[in-house]
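Protein chains in written order, with our numbering: chain Y, 159 to 235; chain S, 8 to 457.
Heads up, simulated BS3-like pairs for lysine-lysine below, C-alpha to C-alpha not over 25 Å straight-line:
| # | chain 1 | residue 1 | chain 2 | residue 2 |
| --- | --- | --- | --- | --- |
| 1 | Y | LYS164 | S | LYS12 |
| 2 | Y | LYS198 | S | LYS268 |
| 3 | S | LYS12 | S | LYS237 |
Don't read these hints as lab results, they were simulated from the structure.
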Amino acid sequence: MGILAKVSQVCAQYDANIIDVNQTVMDDMFCMVMLAVIDKLKTDLDQFRGVLETLAAENGLQIHVMHQDVFTTMHHV
Amino acid sequence: MLNTKDIMETINMIQEENLDIRTITMGISLLDCIDPDADAACRKIYNKIMSKAGRLVQVGEEIEKEYGIPIINKRISVTPIAIISAASGNPIKYAHALEQAAADCGVNFIGGYSALVQKGFAPGDEALIRSIPQALAETDHVCSSVNIGSTKAGINLDACKLMGEVVRQTAEATQDRNCIGAAKLVVFCNAPEDNPFMAGAFHGVGEADCIINVGVSGPGVVRAALAKAKGASISEVADIIKKTAFKITRMGQLVGTVAGKRLGVPFGIVDLSLAPTPAVGDSVAHILEEIGLEQCGTHGTTAALALLNDAVKKGGVMASSRVGGLSGAFIPVTEDAGMIDAARSGSLRLEKLEAMTAVCSVGLDMIVIPGDTPATTISAIIADEAAIGMVNSKTTAVRVIPAIGVKAGEELDFGGLLGYGPVMEINPKSAADFINRGGQIPAPMQSLKN
Chain Y
159 MGILAKVSQV CAQYDANIID VNQTVMDDMF CMVMLAVIDK LKTDLDQFRG VLETLAAENG
219 LQIHVMHQDV FTTMHHV
Chain S
8 MLNTKDIMET INMIQEENLD IRTITMGISL LDCIDPDADA ACRKIYNKIM SKAGRLVQVG
68 EEIEKEYGIP IINKRISVTP IAIISAASGN PIKYAHALEQ AAADCGVNFI GGYSALVQKG
128 FAPGDEALIR SIPQALAETD HVCSSVNIGS TKAGINLDAC KLMGEVVRQT AEATQDRNCI
188 GAAKLVVFCN APEDNPFMAG AFHGVGEADC IINVGVSGPG VVRAALAKAK GASISEVADI
248 IKKTAFKITR MGQLVGTVAG KRLGVPFGIV DLSLAPTPAV GDSVAHILEE IGLEQCGTHG
308 TTAALALLND AVKKGGVMAS SRVGGLSGAF IPVTEDAGMI DAARSGSLRL EKLEAMTAVC
368 SVGLDMIVIP GDTPATTISA IIADEAAIGM VNSKTTAVRV IPAIGVKAGE ELDFGGLLGY
428 GPVMEINPKS AADFINRGGQ IPAPMQSLKN
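Next comes chain S alone, as it looks inside the complex (with noise of 0.2 Å):
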C-alpha cells in the first residue's frame, strides 16, 4: 500500500511547487522525405508528419488528464532541414510546409529548421542558413538552430560570422512582434540530437525513424524541498536536490512510456533538466538563492549552480532507463522570474552568465542586447561561448535577441514561456577584426588538461 506521506508529497509537488512535464516532443525523421523537386519534398514532409504526430496533442492531454500531472507543451523535432533541402534548394518553401503540420497537429512548436556546419558548409547549408531570418518572420511555430562547432570539429569561425548576421537579421525582420523571431534562433556547439526542448530541437540522423522524447521540469519543487533544510550543510544540499530530481524524472519515465506505447512509437530520452518559467516559483535562479545567495548573479553563483547542476544529473540518471538531450539546469533569462529580477537590479550579468554557461546544461540563454549591438559582436558572442563547449566537452548555445528599435532601459515581452526581460548592457569594444579572419578555430587537445 502507498504512504500516506509519499502521495502528499506527490500531489503538492503538482499543486503547489509548479511540478509538470515540460514537454513530449516527438522527433521525426524526414531523410525519406529528399526530393529533388522542393513541392513534392513538402508535400512528402507535411504528410508524414501528419501521419505520425496527428495524434500528439490527443495523447498527451488524456495521459495529462488520466495521470493528473500537467504536460505543458506538445512538440515536434525533425531532421536538419538543410539535409532535407540540399537537393531541390528553396528552403523556405520547406519552412512553410512545417508551419502547416505544425499548425494542424496543434502543436506548441516545430523544431529542425536548422544546419550543422561545425566543420564547414555542404550543400544546402548556407542557403538555409541566409533564409531563417525570413523563414522565422513568416512562421509562427517554426525553430531553428545552426550548430557551428564541436570538440571534434573545432569552431567553424565563418558560420560564426555569418550566424552573427542571421540573429540581427532575425530580430530585425519581426521587429514589429518583440523581435521574436531571434527567441527561436538557437547557436550550437556540440547540438546533442535528442534534445526535446526548443527552439534547439532537432532530429538527429542517427536516430530512428520516430520517437517520444521527454523534458522534465521543476525548479519549484527543488526550492521547496531546500527551504525546508535552512542550515543544512552543502552536502546535505546536494543529497536533497538528489532525492528531489529522482522524483521529478521518474514522472517523466512514467509519462515517456506511456506516450510512446499509446502513439505506438518507441520512447527516446527523458531530458534530465530543471526548466524555469516566469511564473513565480518556477525559477532557478531562486534554487540558487534559497542555496545562500543574496540574489542571483553575486560571487558563489558558479559554484552553486555546479552543485546544482551535477546533482541533478546524479539523482536524474538513476530514474530513468534512458537519458539524454541537454540535461541540466537551464539559466535562460527571460524566462526565469529570478533572473529577470537579478538582471534588473545589475547583479547578473552578461560576463558572469558566460561563467555560469561552463557548468550548466545550455549557455546564454534568452538574453536581450541592445538593438545597436554589431552583428560582428553577436558573432563574438557566439565563438566566446563556443570555444566554452568545445574545451569542455559540452553542449554550449546562443540564443539572443537584439532588441532592434528599443531603449536602454526598456523591456522586451515576448509573452508565454518565452518570458520578458530588460536589455542587458555588452562590452562595447569591437571584435570585428578577430571575427573577419574566418576560418576554423583548431580542435582543442584531449589530454594535458589543464
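Next up, chain Y with everything else stripped away, as it sits in the complex (with noise of 0.2 Å):
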C-alpha cells in the first residue's frame, strides 16, 4: 500500500475528512501536504496525531499534524 493511501486509511478511520492533497518532491524528498477538515473527528487531535505518528514510525516516515492557522498566520497577513 502506498504512503497516500495507508495516511488516507488513518485519516478515513478516525472521521478526518480530507479535502485536499498535494504530492511533490523536495531536496529529494517526497512531500504530501494533506488538508483534512476534523470537525467531526472521532478522537481528539492529540491522539490523532499519535495514531498518525505510530503509523510514520513504521513506516520510516515523518508525519506532521498541525493546525492550518499555523501555516496560514505565519504566510498571510
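Mind docking these for me? Both chains are given alone in their own frames, and the hints should help you get the complex.
Below is the structure:
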C-alpha cells in the first residue's frame, strides 16, 4: 500500500475529512500535504496525531499534524 | 490553498531551527489586594493569582498540542510588590505568598518582587529592596527587579549604591546553589511595564487588571536563513532578518490571541525578541558570526548587533497588532552558547558587552563576575549601564552574578535556560568614592543630541 493510501485510511478511520492533497518532491524528498477537516474527528487531535506518528514510525516516514492557522498566520497577513 | 514550500519552511523552523514561543506571561494587577494586615493581603494575592492564572499552564499546553508550536515557559508577572506591601510592611511574607501561588499554578517563574525608585524611595521601597536577598534565597520561583533610573528622572545614585550591596548579598545568600539568587534579580533603567521576560517582568500600574503578553524566540531560524545567503550584501542581510522576524512574530501573535481568548483575558503585547538558550543552534552570537564576525566580541560586533536589533523590530512591528516589552535581541552571556564560547576564549569582554547594550534591547545580562568584586564596583557597573539607558532613552538592565567562593578560571552552572558561564574579568580599580557620593544624577537634555 502507498503512503497516500496508508494515511488516508487512518483519516477515514477517524472521520478526518480530506479536502485537498498535494504531492511533490522537494530536495529529493517526497512531500505530501493533506488538508483535512477535523470537525467530526472521532478522537481528540492529540490522540489522532499519536496514531499518525505511530504509522510514520512503522513506515520510516515523518508525519506532522498541525493546525492550518499556524501556516496561514505565518505566511499571509 | 497553502503552498507546500511555505508549509515545509514552517515545519523546518520548528523541528530543526528551534523556533518556539519563549513565554506566555500573564500580567496580574494586585492593586485590589492591598491591606494593612500583611496576612490578609497575602491571602487576597494568593486567591487572585489562583483565580486568574490557575488554568494558564493547562491552556498553554493545550495550545502547544493543538498548533504544534512549543511554548517553553508559562509565567506570571504582578504589580511591583513594594507598592502592595507599603501599607503593611513585612514584604517577605509577600514573597512566600507569590512562591506558593506560582508553585500551585505550575508556572516556571513569577516576577514582580519589585520596586520603582528612579526618583526616590517611597514607603515600602527600601524595606522591599533590603529583603530581596532573603526573599530570593527562600523561594524558587520568585523573580525580582528594581528600577533605579529613567530618561525623565535621571539616576538614583543612592539606589545604585544599595543595589550593588543587594546583588552581592543575594549571591552570598545562595552561594550553596551557584549563587542563583543573583540570576533572578535585575536592576533596570527605563524598565518597561509590560515585559513578559524574566527575571525583569512586572505588571505596571498603568496596565489593565489582567493581560496575556507573549515573548517569541528564534535565533536559530534567523541564523539558518542567513546561512543560505552567503556573500549577500548587508542590505540583503537586513531584509532577510526582517522577513524572518516577521514570520517568527506572527507565531507570537497567533499564540497570544488564542491564549487570551481561551483564558478570557485581553491579549497585551508581543515582545519582539530574539531570546537565545544555551542549546546548540539557538544563539544570538552565532547570528553575529553568520553575518561575518570570526567570533562574537571582536571589532564589528556592535555594528552587526545594531543591524540585527533594528531589523528584528522592523520585521516584527508589521507582524503584530500590539508590540511592547523589551523588543530586540537579547545578549545574556550564560544563556547563549556562542557568547559562552566567546567569553571563554577572551574575545567577548565586559567593555564590549557594555557597548553592545547601547544598540540592543537589554543590558549586561547573565554575566558571572569575580566573587570578590566589591559592592561599590557592582553599583558602578549598574550606574554605567543605567547611564547608557538614560541618555539613549532606552531600557538597560544589569543582571550580574558575583561568583562567591569560585576561583578565577572556574565556571558557574545554573542549569536549564539560565545556562552556565565563566567568571569574566572586571576592572579592578575602585569607584567607591563616586558611588558613596549618593544623590541623584540629573535627567539628561532632550535636545542638542550629540
